[in-house]
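2 protein chains.
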Amino acid sequence: MRVGILGGGQLARMMAAAGIELGMEFVVLDPSPDACAGRFAELVTAAWQDATGAERLLACDRLTCDFENVPAEVLDALSASLPVRPGPAAFAAAQDRLVEKRLFRELGIPVPDFFAIESRPDLLAALEQIGLPAVLKTRRMGYDGKGQAVLRSSEDLEPAWQALGGQPLILEAWVPFEHECAITAVRSSGGEIRHYPLSWTVHQDGILRLALAPAPVDEAVAAQAREYVDRLLERLDYVGCLTLELFAGPFGLMANEFAPRVHNSAHWTIEGSVTSQFENHLRAVCDLPLGATDMLGHALMFNWIGAMPDPGLLLSVPGLAWHDYGKQARPGRKLGHATLLAAHPAGLNEAVRAMRPLLDTQTASLLTGAITPEG
Amino acid sequence: MRVGILGGGQLARMMAAAGIELGMEFVVLDPSPDACAGRFAELVTAAWQDATGAERLLACDRLTCDFENVPAEVLDALSASLPVRPGPAAFAAAQDRLVEKRLFRELGIPVPDFFAIESRPDLLAALEQIGLPAVLKTRRMGYDGKGQAVLRSSEDLEPAWQALGGQPLILEAWVPFEHECAITAVRSSGGEIRHYPLSWTVHQDGILRLALAPAPVDEAVAAQAREYVDRLLERLDYVGCLTLELFAGPFGLMANEFAPRVHNSAHWTIEGSVTSQFENHLRAVCDLPLGATDMLGHALMFNWIGAMPDPGLLLSVPGLAWHDYGKQARPGRKLGHATLLAAHPAGLNEAVRAMRPLLDTQTASLLTGAITPEG
Numbered sequence: 001m002r003v004g005i006l007g008g009g010q011l012a013r014m015m016a017a018a019g020i021e022l023g024m025e026f027v028v029l030d031p032s033p034d035a036c037a038g039r040f041a042e043l044v045t046a047a048w049q050d051a052t053g054a055e056r057l058l059a060c061d062r063l064t065c066d067f068e069n070v071p072a073e074v075l076d077a078l079s080a081s082l083p084v085r086p087g088p089a090a091f092a093a094a095q096d097r098l099v100e101k102r103l104f105r106e107l108g109i110p111v112p113d114f115f116a117i118e119s120r121p122d123l124l125a126a127l128e129q130i131g132l133p134a135v136l137k138t139r140r141m142g143y144d145g146k147g148q149a150v151l152r153s154s155e156d157l158e159p160a161w162q163a164l165g166g167q168p169l170i171l172e173a174w175v176p177f178e179h180e181c182a183i184t185a186v187r188s189s190g191g192e193i194r195h196y197p198l199s200w201t202v203h204q205d206g207i208l209r210l211a212l213a214p215a216p217v218d219e220a221v222a223a224q225a226r227e228y229v230d231r232l233l234e235r236l237d238y239v240g241c242l243t244l245e246l247f248a249g250p251f252g253l254m255a256n257e258f259a260p261r262v263h264n265s266a267h268w269t270i271e272g273s274v275t276s277q278f279e280n281h282l283r284a285v286c287d288l289p290l291g292a293t294d295m296l297g298h299a300l301m302f303n304w305i306g307a308m309p310d311p312g313l314l315l316s317v318p319g320l321a322w323h324d325y326g327k328q329a330r331p332g333r334k335l336g337h338a339t340l341l342a343a344h345p346a347g348l349n350e351a352v353r354a355m356r357p358l359l360d361t362q363t364a365s366l367l368t369g370a371i372t373p374e375g
Numbered sequence: 001m002r003v004g005i006l007g008g009g010q011l012a013r014m015m016a017a018a019g020i021e022l023g024m025e026f027v028v029l030d031p032s033p034d035a036c037a038g039r040f041a042e043l044v045t046a047a048w049q050d051a052t053g054a055e056r057l058l059a060c061d062r063l064t065c066d067f068e069n070v071p072a073e074v075l076d077a078l079s080a081s082l083p084v085r086p087g088p089a090a091f092a093a094a095q096d097r098l099v100e101k102r103l104f105r106e107l108g109i110p111v112p113d114f115f116a117i118e119s120r121p122d123l124l125a126a127l128e129q130i131g132l133p134a135v136l137k138t139r140r141m142g143y144d145g146k147g148q149a150v151l152r153s154s155e156d157l158e159p160a161w162q163a164l165g166g167q168p169l170i171l172e173a174w175v176p177f178e179h180e181c182a183i184t185a186v187r188s189s190g191g192e193i194r195h196y197p198l199s200w201t202v203h204q205d206g207i208l209r210l211a212l213a214p215a216p217v218d219e220a221v222a223a224q225a226r227e228y229v230d231r232l233l234e235r236l237d238y239v240g241c242l243t244l245e246l247f248a249g250p251f252g253l254m255a256n257e258f259a260p261r262v263h264n265s266a267h268w269t270i271e272g273s274v275t276s277q278f279e280n281h282l283r284a285v286c287d288l289p290l291g292a293t294d295m296l297g298h299a300l301m302f303n304w305i306g307a308m309p310d311p312g313l314l315l316s317v318p319g320l321a322w323h324d325y326g327k328q329a330r331p332g333r334k335l336g337h338a339t340l341l342a343a344h345p346a347g348l349n350e351a352v353r354a355m356r357p358l359l360d361t362q363t364a365s366l367l368t369g370a371i372t373p374e375g
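Chains as they are written, first to last, in this note's numbering: chain G, 1 to 375; chain Z, 1 to 375.
A few of these clues could be false.
Not the full set, but computed from the structure, chain G residues with beta-carbon under 7 Å of chain Z [unchecked claim]:
hint : residue
1    : Gly190
2    : Gly191
3    : Ile193
4    : Leu315
5    : Trp322
6    : Ala343
Chain Z stretches covered by chain G per the calculated footprint, using a threshold of three residues with CB under 8 Å from any CB of chain G [as the list claims (entries may be wrong)]:
hint : segment
7    : 80–92
8    : 277–289
9    : 297–305
10   : 308–317
Derived by calculation from the structure, the hints in this document are not laboratory data.
Everything numeric in this text was worked out from a predicted model, so none of it was measured.
Even glycine gets a Cβ: it sits at the ideal position worked out from N, Cα and C.
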């Protein structure tokens, strides 16, 4: 089975690493010649719309994406020739925050109040309704906190409009959440769905820093998250892994956004689950039976951003697994991640204590904060 | 860290797959241009003694082997320039069954009675001592049951001598074992040793078919195996993973042979242990802290030999992990393996029952036999 992947970052790389064990071969299309998935795949360096690049993908049996902003029309065109999984409809919805929010609302999944913003008067009118704080976001091309501004006081309006105005926007009410969380589920072409446990996630400057799984929440909350993700998967006739990001608080759960692909918040599944999200995504895409999503312990995943630490310092921590994506270091860039696996939450606490002196202050305090919340 | 590997089979491939996650790069030297480790490494196609090939390896930071029959003099020459781990002494001992057996005996590790055989009179004299059945083996280049003949009656003598005579041989007493087993341990350059649990192994036609871990034996037996492997590791000032293969029976444990490398009987460590043998071998070779060898469940590994089955049939079995080495099919060739992981031995039983109808008769009966021995 030959699988084409649009986008050649670490998600494609980890998919390929998993799929090679299943006997699959990979072709990765990416505009950058040093896309890190090239380590495990034939790399085609071309723009998304490049006809020659697309032609190379047509020799594959299946197509999938590691990037949710691959133009939906490119996927549409390719899907005339071979199965593109998940399909273009999921991308069309995920690529436009307004379409996405409307879909959530239509499916009965609670969302923060929102308004479409085309002009400055739109923004002022919406703020009258929503009040402050609120979040102004571009409808398209947002990821890792890019293309958004938090409006805390009326003084924030002008700089936000200067930065983001002139393109389709959405204004969202600020959600007074206690935690962010994410649920990843996989759906087969036959409609079978399997869920990974809910993860707690911690972002900083809009970038995911940590994921803790299973999230220490009531089973009713976890069941609600599964129910919401199921509605999305079924409406989109989805094939593969999908991650739904949620806000959790006294209001229950509220959807933030979804990603039509494998997701950073579920990287812990490599060590923490019987079958990783990467393998399960490919099993679904290639019509193989889905694998078990049971956990093998309690997992805490954290990203290495901007710089890779020396593994020699950290590999002595018991249960620590290391993933270096082989990327050039650059500020704000995700270069790798590590996952701690322990039989009990207390084991995670112990490992984090052991690591504290070995980490930069910021990562150390994030880690400690994540696993010892409110006791 | 750049690691050179002499030998580019599936062992090198699985080492490279593990090491890439740690940020390592690999150069693999193999006489065959389609060595399967080339999927994850820069492949140098050259004979072992080829000077140009060796030169390419000199640019590495560390050298290790995936094949115990790399000529010890090649390793000797290379070790003048960079750390070769494990060192040439381990290979010299493992490559000659007579030297190996003498080393076991010297270390107080029980072995079957044995005699060096240079001539037909040597053989007849040795048989007088040992009796029948006995096993005649070449001293060198034996693996996967090649280069040996079982002598059950006096009629077997002549054909065995015709097949094997004219080179240095060893005659070993037949051991009436109940089970074969294997223990893999890893030793760091600082002398720290960690053990994986003992595996039960099943061979057929001299080729490993199955490994079950942890072996259902008394703790005293497991402790004895650890003690024996420690003696070897320390005497050889060994760095990396070593596997000691043993016979188990009413006589206790008796050494069969050791392999100075990662080993097929411990492939289950990929899913079954916190840190796989492949990663721990590289951690030792590269002076990184050793990883935990704790098990995550009960594991049963079986090889795909000669043909890869259709994964679509088998991947529905819960807890089954698949490894396709990407090799051309050929009778008797190891093409891949699968590992079942379950929380309890009963879970393995259940999985094997589920698989039975999906397997060829021979594999099915081997699997069933392995996990339901004497109840």
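Outcome of the hint check:
no. : hint    : in the structure
1   : Gly190  : 12 Å, violated
2   : Gly191  : 15 Å, violated
3   : Ile193  : 15 Å, violated
4   : Leu315  : 5 Å, holds
5   : Trp322  : 5 Å, holds
6   : Ala343  : 9 Å, violated
7   : 80–92   : violated (count 0)
8   : 277–289 : holds (count 4)
9   : 297–305 : violated (count 1)
10  : 308–317 : holds (count 5)
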